[in-house]
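Visitor: What follows is the residue order along each chain.
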Amino acid sequence: MIDGDPRPTAPASATSERAPILIVDDEPYILRSLRYLLAREGYEVETASDGEEGLARIRDLRPRLVFLDIMMPRMSGYEVCEQVKQDASLAGTYVIMLSARGQQSDRERGFLGGADEYMTKPFSPREVAARVRAVLTSDTAPAVHG
Amino acid sequence: MPTMPVLRDIFAYLWHGPPLLPPSLKVEWRFVVVRWIGIVFVAPGLPLAGLPMERMTAAYTVLTIAAIYNVVIHRQMLAHPGIFTGGFVTTAADALLSIGMVQVGGGFESPFYHVLYTVTISASMRYGYGPSLAMAFIIVGLDIGEHLNGSSALNAPFVFRSGFLCLTAILASYLREQARRAESALQHRLREADLLNSATATLGASLAFEPALREVAAAASHFFGSKSAVLVPAPSLDDDGLDTTTIVSDQYANKPMQEELATLCGRYAEPEVWQSRGDQLYFREVLRNGQEAIVLLLGLLPRPSALATLALAVPAGTRFPSVTHDILESFVERMTLAVENASLYRAVANRTDALQQAYAELATAHQELLRVDEMKTGFLANVSHDFRTPLTSIRSFSEMLLSYDEEPEVQREFLQIINSESERLTRMVNDVLDITKIESGHMDWRMGTVDLAALIEDSGRTYTTIVERDGLAFVVDVEENLPLIHADRDRLQQVIGNLIDNALKFTRKGEIRLAAHRTEDEIRVSLADTGVGIPPEYQEMVFGKFQQIGQVNTVLDKPQGAGLGLSICREIVEYHDGRLWVESEPGIGSTFTFTLPIPAEADAARVHPLDPVGAQS
Chain E
833 MIDGDPRPTA PASATSERAP ILIVDDEPYI LRSLRYLLAR EGYEVETASD
883 GEEGLARIRD LRPRLVFLDI MMPRMSGYEV CEQVKQDASL AGTYVIMLSA
933 RGQQSDRERG FLGGADEYMT KPFSPREVAA RVRAVLTSDT APAVHG
Chain W
1079 MPTMPVLRDI FAYLWHGPPL LPPSLKVEWR FVVVRWIGIV FVAPGLPLAG
1129 LPMERMTAAY TVLTIAAIYN VVIHRQMLAH PGIFTGGFVT TAADALLSIG
1179 MVQVGGGFES PFYHVLYTVT ISASMRYGYG PSLAMAFIIV GLDIGEHLNG
1229 SSALNAPFVF RSGFLCLTAI LASYLREQAR RAESALQHRL READLLNSAT
1279 ATLGASLAFE PALREVAAAA SHFFGSKSAV LVPAPSLDDD GLDTTTIVSD
1329 QYANKPMQEE LATLCGRYAE PEVWQSRGDQ LYFREVLRNG QEAIVLLLGL
1379 LPRPSALATL ALAVPAGTRF PSVTHDILES FVERMTLAVE NASLYRAVAN
1429 RTDALQQAYA ELATAHQELL RVDEMKTGFL ANVSHDFRTP LTSIRSFSEM
1479 LLSYDEEPEV QREFLQIINS ESERLTRMVN DVLDITKIES GHMDWRMGTV
1529 DLAALIEDSG RTYTTIVERD GLAFVVDVEE NLPLIHADRD RLQQVIGNLI
1579 DNALKFTRKG EIRLAAHRTE DEIRVSLADT GVGIPPEYQE MVFGKFQQIG
1629 QVNTVLDKPQ GAGLGLSICR EIVEYHDGRL WVESEPGIGS TFTFTLPIPA
1679 EADAARVHPL DPVGAQS
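From first to last, the protein sequence lines stand for chains E and W.
Letter by letter, the first sequence follows residues 833 to 978 of the numbering used here.
Letter by letter, the second sequence follows residues 1079 to 1695 of the numbering used here.
Chain E extracted, bound-state conformation:
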């Protein structure tokens, strides 16, 4: 199960300099685990604990990558994602929906809102780390419509 290097090499410094990663979730332990994990992988991580705060921080920080929970107080992850994707100034923001709702209809709704990826809880930290690495090391920004 554990076959990776416990201290993986830091990703290309160029990516981490470009923009921070933002995690939006109302569960403190989820925030805590992702923050630890990504910091450990060498990324700069910011957090927000509800939808409204998340959207405000996205506009403020203009992160390269956003992890979005769906069921959150005040504003749902779907709404945040739609707003982000409709905002031209935020083009290039890579959105990963991270939800305990794993049904096909939930995933479809996420993609309809413009999400780039949909991951289901419980997730594997190493898989998340791998996805982050893949997204941030790609030279060209993924095609984003919005």
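These are calculated hints, taken from the structure and not from any lab test.
All clues given are correct.
Beyond 12 Å from chain W on every Cβ pair, some chain E residues (computed):
hint : residue
1    : A888
2    : D892
3    : R963
4    : A966
For each label pair, taking beta carbons as the anchor points, the in silico distance ranges come out as:
hint : chain 1 : residue 1 : chain 2 : residue 2 : range
5    : W       : A1443     : E       : T952      : 31 to 39 Å
6    : W       : E1652     : E       : S937      : 31 to 39 Å
7    : W       : R1429     : E       : T952      : 51 to 59 Å
8    : W       : D1548     : E       : A962      : 31 to 39 Å
9    : E       : R906      : W       : L1448     : 30 to 38 Å
10   : E       : M907      : W       : G1588     : 25 to 33 Å
11   : W       : Y1423     : E       : S937      : 49 to 57 Å
12   : E       : S937      : W       : R1490     : 35 to 43 Å
Since we're looking at a predicted model, the values are computed, not measured.
We put the beta carbon where it would ideally sit given N, CA and C, even for glycine.
We have chain E already, so just place chain W on it with the hints.
Guide: Chain W in isolation, oriented as in the chain E frame:
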């Protein structure tokens, strides 16, 4: 042959008479025809009798008079039919003419005597035995008188012709009587059939039960010429509990008689009467007022008892039955069928109603099942969602612990998170199991005597630290000398714990107050918080079993846990015959209150005084 229709027409005319002839004069008409035939035959035959000239002349004179007489009768019969009704005029005239003819032709010894047979025969045909024999005796008397005048002895020809005359009178009268009887029997049958038809004409016009029974009673009173008829349906027919007595024709008076008739019906409704009645169609009884009652049993043979009993009052001494047995039988049969049909129609109608109702219930039950099924599906989806949250933490932190070497403090922190999230998951699983057990009735209740004050105090001690850790004040306020109750201690503890957990989830500042006091016959325990509150339209929903998770998520943002705590609380309280409700104002706070009934003997059974309980914070 062209002559045949002409001959038939002639015979028909001779037999039936002219078209305008009243039916009552048919016989008179035939006598007219017979007279013509007699005149036509006698006139050419007279010379053959070898009479002297003066007698011959007299005989033709009488014949001429007879012919004129017949013409007059023929004409007057059409002009004044009333005169000839009964045939008295013509009979007397016929007799006079005939006797005259005999006298003119040579007396009773002469062949003219044969003319006299027509006199007795016609009297027989008109009036029967009496008048025709009287006529015969008059003729015999005249015959004897002639003999005595002539001083001659009564000879054999006299005896022969007189005896033959009487014999024709008797035979003709006999034939007439037979014909009359047959005709009157036929008339009687026709009248009966008419009565049967007119009485039963309205039967079956109504499909509704009671009107149909009224028709039967009306038909019976018409049929028997009774003013008062009472019909009582058998109890087996009367499953609607409607008024069992149907009364007709006599609404205005004589309640006592109606009651008497109804009582008679009741007596004859006994199954033994029905089974032992044999061929008897009706029974006769004498009423208190002297009138007679006819009691009829309506029913079909294979039945164990009559369908209905019918009693009619008729004047005393009424000749009964006025109809023949088979007509009466047919009438009873028709009434029975009407009652039977009415009851069948009603049974069908009732069954249709019942079926429709059952169908509607089934449809409702089906809808309910679908709804419950949908709820269960939603419940499972929500439970699975809520389970994933602590599971995510457990998986993440344990995997990270395994992946990265970390300082012992960090490792310890992660292990603590894993531990507390495992506990949270365990609580959720227990909640789901609890609600499933309670719902399926498999909960294992351990009922016993419970000192609620001590229990609340206990809970207060347990939760003070937890509540205060969240920065809230915790107040416990229990009235002194609360009575002992009969309850499951652990489950009540669970209720209080769940309510406190719930309050903690939604309260950021202020206090949580746990209080208990006694009212007339129950103890009220309340838990008040200063949290976010619940909008009125959602206050009942928070106790829901299946849908509450989604709803609460939108209303109260996002609660933790499987969201089943409150519905478990309600189930437990209701098992104890208590109630659980919430009063809340958004932004101010919520108060959950539950009651527990005080057993009647609780005060007497109180074994130890309660420790003084003060407010804790």
